[in-house]
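Student: Protein chains in written order, with my numbering: chain A, 255 to 368; chain P, 9 to 132.
Note that these hints are calculated values from the structure, not bench results.
A few of these clues could be false.
To be verified - Here are the simulated DSS-like cross-link-like pairs (lysine-lysine), alpha carbons at most 27 Å apart as the crow flies:
1) A:293 with P:116
2) P:10 with A:344
3) P:129 with P:25
4) A:321 with P:25
5) A:344 with P:129
6) P:46 with A:344
7) P:73 with A:344
8) P:129 with A:321
9) P:129 with A:298
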Amino acid sequence: MLIMIRAIVRPEKADAVLAALMDAGFPAVTKYSVAGRGKQRGIKIGEVTYDEIPKTMLMSVINEEDKDFVINTIMNTARSGAKGAFGDGKIFISDVECAYTISSGVKEGAEVEA
Amino acid sequence: MKEVIAIVRMNMMNQTKKALTEAGVDAFFAHEATGRGKGFVNPQVLAGAEEGYEEAASLLGEKGKLYPKRVITIVVDDDFVDTVVDTIVTTNKTGKPGDGKIFVLPIKNAVRVRTGDAGMKAIS
């Protein structure tokens, strides 16, 4: 079973997460910039509320058995300070039915293994 | 209902758009991204770099470099997934590493904002 991990992290932490994933043996990642707010409704500084805070989205599709390891790797690297802080981001997991590599046309996923 | 997420080369977008329209996919969403894959390299280049040719070594580049890509997201009916995947694979295939990936994810529901139609009505 394949799963897709989408992690929203601080832009300044993205490079560290990418390096950590590379060292952990998960090189394949897609990265793009997003903007958003979380449970804290943005950041209020004086009278101004910033509710479109820039973040980086990292997307990776991995095998389900590696799920916990990859999540822990991302979480430990993306956390700021020892305790973490608001705005460190979120990780979402979704099921992937199958994945195709375009260059070879190889199909991976649940249907192939079954 | 399935969501097809395809990561393709930047310069293939026009061809892909054309091919998808011809295949009957009218609606899709795309955005830019950067990414890396498994990092496979041409074995000939790798052999050259190991033998100490500087040209080959410079072709390899640094490990973990992120390349610009386009991400296409299409939501289609279950029966249509194979057509969409085939279209994207045949248009984008050059046979070299870096052609991209296609992921198929299940989607629970879709709603058209204009009319409020839900389910299959929203995507057909």
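Student: Hint by hint, which ones does the structure fall short of?
Tutor: Hints 4, 5, 8, 9 are the ones this structure does not satisfy, whereas the remaining hints hold.
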